[in-house]
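A.B. asks: As a plain string of letters, each chain reads:
Protein chains: 2
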Amino acid sequence: MTVRTLEVRLAERSYPVVIGPNLLQQPEHLVPYLSQRRVAIVSNETVFPLFGAKLKEGLGRAGVQPVDILLPDGEEHKTLNSLERVYDALLRHGFDRKSVVLALGGGVIGDLAGFAAATFQRGIPFIQLPTTLLSQVDSSVGGKTAVNHPLGKNMIGAFHQPRIVLADTSTLTTLPDRELRAGLAEVIKYGLIRDPGFFDWLEASLPHLLARDGSALTHAIFESCRNKAEVVEADEHEQGERALLNLGHTFGHAIEGALGFGTWLHGEAVGAGMVLAARLSHQLGLLGAGDLTRTERIIGAAGLPVEMPDITAEEMLGFMEHDKKNQDGAIRLILLRGIGKAYVDASVSRAVLIDFLKKRR
Amino acid sequence: MTVRTLEVRLAERSYPVVIGPNLLQQPEHLVPYLSQRRVAIVSNETVFPLFGAKLKEGLGRAGVQPVDILLPDGEEHKTLNSLERVYDALLRHGFDRKSVVLALGGGVIGDLAGFAAATFQRGIPFIQLPTTLLSQVDSSVGGKTAVNHPLGKNMIGAFHQPRIVLADTSTLTTLPDRELRAGLAEVIKYGLIRDPGFFDWLEASLPHLLARDGSALTHAIFESCRNKAEVVEADEHEQGERALLNLGHTFGHAIEGALGFGTWLHGEAVGAGMVLAARLSHQLGLLGAGDLTRTERIIGAAGLPVEMPDITAEEMLGFMEHDKKNQDGAIRLILLRGIGKAYVDASVSRAVLIDFLKKRR
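Chains as they are written, first to last, in the numbering used here: chain H, 218 to 578; chain P, 218 to 578.
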C-alpha cells in the first residue's frame with residue numbers, strides 16, 4: 218500500500234497530511250518538526266499501550282526521548298481538569314516555547330492536546346498522530362482545538378494548526394467496530410455536504426470499508442482530508458463555508474450533551490444528527506424523497522443510529538440554544554438542498570424545531 | 218485636557234488606543250464595536266463599585282444592557298479557576314461568537330478577561346478598559362492574555378488583540394499611591410529599553426507624575442503606548458524584539474512567584490528586577506556606572522523597591538528556570554548596554570547568576 222500526501226495550504230501555517238501504513242514507526246516524518254529534544258506524547262490509557270512503544274522506539278533511534286502524559290480514555294475526560302494535568306506535566310518537565318506536543322489518539326486527545334499546545338506559554342508547536350478513523354478523516358485536520366464545558370461541547374478552545382498530521386492506517390486494524398462506524402459518519406458527511414461523486418463511491422464501497430480493506434480506507438481518508446482541507450483553506454476561522462462541516466453536529470452535539478458526553482460516540486450522534494437534518498430539509502421542501510432515502514440508507518448501512526435516543530424535544534432545544542454557530546439568538550442549522558448541497562439556515566423557528574423534534578420520538 | 222489617540226497597526230487586527238479623561242462615560246467610543254446586545258463586563262470587586270455604574274449608565278443610554286461578571290481582586294485570583302467562573306457566566310447568559318467582553322480593571326482583569334475572550338468558543342471580541350496606570354501603559358496594549366500557574370506567571374495564555382483600548386485617565390485619581398508607583402515601573406521601562414529621550418523627560422517629570430498632574434500622566438501614557446505599539450507592530454508574537462519588553466521581568470516574575478503572587482505588586486517586582494538587570498549588566502561590563510546610578514535613582518525616586526526581598530538565590534533561580542523566554546534550557550535575560558539600549562542575552566551561566574544573586578541579599 219502506498220503513502221499518500223496532501224497539503225493544507227494556509228500560508229505560513231501550511232502543513233502536510235500524510236496517510237499510509239506503519240507511519241508511527243517512521244521517525245523520519247516527525248524529526249524535521251522537532252526543533253529540540255523536549256517532546257511530550259499526550260495520549261490515553263487505551264491508545265498508548267497499543268502504539269506508544271512503536272512510536273517511542275522510532276523516536277529513540279533518532280535520539281528523541283519523549284515525556285509521556287497519559288489521560289483516562291473517553292469524551293467525558295475532555296475537560297478543563299484534564300487540561301490542567303497536561304499543563305502541570307509540561308511545566309514540571311521544564312517545557313518551553315520550542316518544545317513540541319505529539320497528540321497520539323483519537324479526536325478527544327487531538328482536541329485536548331492541541332488546545333494545551335495552543336495555550337501553553339501562549340502557543341507551542343504540536344503534531345497530530347490520529348489513531349481512529351474519525352480523527353484521521355476529520356478532527357486532526359484544520360486546527361480546531363477545544364475542551365468541553367458542562368453546558369456544551371467544544372465551548373472552550375482555539376484555532377491552532379498542527380505542524381504535520383500523520384494518519385497511520387495500521388492503527389485502524391485494532392480499532393473497535395463501533396469506532397470504525399462512528400468514523401464513517403464523518404466520511405459520509407463530506408459526500409453529503411459537497412462531494413456527490415464521493416457519496417456515490419461510498420454507497421458502492423461501504424462493504425469494503427466495513428471489512429477494513431486497506432486501499433478503500435486509504436482512499437476514503439484521502440478524499441475526506443482533501444475535502445476538509447479545501448473547506449478550511451477557504452475559511453480557516455469559520456466565518457462562512459467552514460460551518461458546513463457541522464452538518465448533523467447541531468443535533469448531534471445536543472444528543473451527546475443530553476445523554477452525557479461519552480454515552481453515544483461523537484460519530485454516532487453525528488450519524489443520527491445528519492438523518493435529522495435530512496428529514497428536516499425534506500419536511501421543509503428542500504430535499505427530495507430519493508435523496509432523503511439515500512441518506513438514511515447509507516447511515517443505516519454504516520451501522521449508525523438513524524433515530525434520536527430518548528430525549529425530550531425541549532431538552533434537545535436547550536442544548537441547541539448553546540451551539541457555537543448561533544448568532545443574535547437565532548439557531549443556525551446546516552441543511553441540505555440535495556446530496557452534496559449543504560447550506561447554512563438561520564430561518565427555522567424554535568416552534569418548527571420543537572414540533573419537528575416531537576414527531577421524531 | 219485633550220484626548221489623544223494612536224493606532225496599533227497589525228493589518229486586519231489593527232485597533233486604536235484612546236487616552237483621555239472621562240472616556241468610560243462616553244459610550245460613543247464603544248458602541249461601534251458592539252455588534253449586538255450581548256455584552257459582558259468582566260471586573261473585580263474593587264474596581265466595579267468605582268466605575269461600573271458610570272460605564273453602565275453610558276451604555277444604557279445607547280441601549281446596551283451588559284451582564285456583570287465580578288471576580289475577587291488580586292493577582293492571586295488570576296487562575297484557571299477564575300477563568301472557569303467567566304466561562305460559566307458567559308454560557309449561562311447565552312453568549313455566542315458575536316458577543317463582546319469588556320475588561321474593566323487593571324492588568325489582572327485585562328489578562329484574564331482577554332484570555333477568556335480568546336478561548337470562549339475559539340475566540341470572541343474584547344475591549345480593554347484599563348483603570349490602573351500599569352494596565353494603561355502596558356498590559357492593555359499588545360494582545361498578550363494569560364492566567365498564572367502555580368509554577369509560573371502567565372504560563373497559560375494566548376495572543377488575542379482587543380478591538381479598542383480606552384485608557385480613561387480619570388480612573389487614576391482614585392488609584393492607590395502604591396499602584397501608581399507600580400505603574401511607573403513599566404513607564405520607566407520604555408525609556409530604559411529603547412527611548413533615552415523619554416527617559417530624560419521622566420527624570421525631569423517624575424515629581425509631576427507622582428503628584429498626578431493630568432497632562433504629565435497623559436504624556437507618559439501616550440509615549441508608553443507609542444513605544445509599546447512600535448515594538449508589537451514589529452514582532453506581534455514575540456519571536457524577537459518584543460522580548461525586550463521583559464526588561465526586569467525575569468527577575469521580577471521570580472520575585473513574585475517566590476513571595477507568592479500578590480505579595481509584591483507586579484510593578485514593584487519589575488522595579489526591583491530592572492535594578493537587578495542593570496546591576497548585572499554593570500557587573501558584566503556592559504553598562505557604565507553613570508547609567509546604573511541613573512537607573513537606580515529613578516526607580517528609587519518613583520518609590521519602588523531597589524533591593525531583592527528575602528529570597529534565596531536558589532529559589533530565585535528555580536523560578537527563572539521556568540521563564541517563557543528560555544530556549545533549549547538556557548535562561549534568557551534582558552540586559553542593558555546603556556539607557557535605551559536593551560538586548561536579549563542567553564549567555565549568562567547559572568553559576569554566574571547564583572553568585573550574582575547571593576551578593577544581592
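Take the hints with a grain of salt, since some may be wrong.
Note that the list lumps identical chains together, so a pair holds whenever it fits in one copy or between two copies.
Here are the simulated EDC-like cross-link-like pairs (lysine to aspartate or glutamate), alpha carbons at most 16 Å apart as the crow flies [said to hold, decoys possible]:
| no. | residue 1 | residue 2 |
| --- | --- | --- |
| 1 | Lys-576 | Glu-532 |
| 2 | Lys-542 | Glu-293 |
| 3 | Lys-558 | Glu-458 |
| 4 | Lys-271 | Asp-417 |
| 5 | Lys-273 | Glu-396 |
| 6 | Lys-273 | Glu-224 |
| 7 | Lys-576 | Asp-527 |
| 8 | Lys-315 | Asp-545 |
| 9 | Lys-542 | Glu-453 |
| 10 | Lys-558 | Glu-538 |
| 11 | Lys-575 | Asp-527 |
| 12 | Lys-315 | Glu-538 |
| 13 | Lys-575 | Glu-524 |
| 14 | Lys-315 | Asp-412 |
| 15 | Lys-558 | Asp-417 |
| 16 | Lys-575 | Asp-452 |
| 17 | Lys-576 | Glu-538 |
| 18 | Lys-271 | Asp-394 |
| 19 | Lys-542 | Asp-562 |
FYI, nobody ran anything at the bench for these hints, they're computed from the structure. All figures in this text were calculated on a predicted structure; none of them were measured in a lab.
A.B. asks: Does each hint hold? Answer for all of them.
C.D. replies: Quick rundown of the hints versus the structure:
no.: 1; hint: Lys-576 to Glu-532; in the structure: within (14 Å within a copy, 66 Å between copies)
no.: 2; hint: Lys-542 to Glu-293; in the structure: neither (22 Å within a copy, 35 Å between copies)
no.: 3; hint: Lys-558 to Glu-458; in the structure: within (12 Å within a copy, 49 Å between copies)
no.: 4; hint: Lys-271 to Asp-417; in the structure: neither (37 Å within a copy, 62 Å between copies)
no.: 5; hint: Lys-273 to Glu-396; in the structure: neither (25 Å within a copy, 51 Å between copies)
no.: 6; hint: Lys-273 to Glu-224; in the structure: neither (26 Å within a copy, 49 Å between copies)
no.: 7; hint: Lys-576 to Asp-527; in the structure: within (12 Å within a copy, 71 Å between copies)
no.: 8; hint: Lys-315 to Asp-545; in the structure: between (40 Å within a copy, 8 Å between copies)
no.: 9; hint: Lys-542 to Glu-453; in the structure: within (15 Å within a copy, 29 Å between copies)
no.: 10; hint: Lys-558 to Glu-538; in the structure: neither (25 Å within a copy, 55 Å between copies)
no.: 11; hint: Lys-575 to Asp-527; in the structure: within (11 Å within a copy, 68 Å between copies)
no.: 12; hint: Lys-315 to Glu-538; in the structure: between (40 Å within a copy, 14 Å between copies)
no.: 13; hint: Lys-575 to Glu-524; in the structure: within (12 Å within a copy, 71 Å between copies)
no.: 14; hint: Lys-315 to Asp-412; in the structure: neither (39 Å within a copy, 31 Å between copies)
no.: 15; hint: Lys-558 to Asp-417; in the structure: within (14 Å within a copy, 66 Å between copies)
no.: 16; hint: Lys-575 to Asp-452; in the structure: neither (35 Å within a copy, 55 Å between copies)
no.: 17; hint: Lys-576 to Glu-538; in the structure: neither (20 Å within a copy, 62 Å between copies)
no.: 18; hint: Lys-271 to Asp-394; in the structure: neither (23 Å within a copy, 61 Å between copies)
no.: 19; hint: Lys-542 to Asp-562; in the structure: within (11 Å within a copy, 46 Å between copies)
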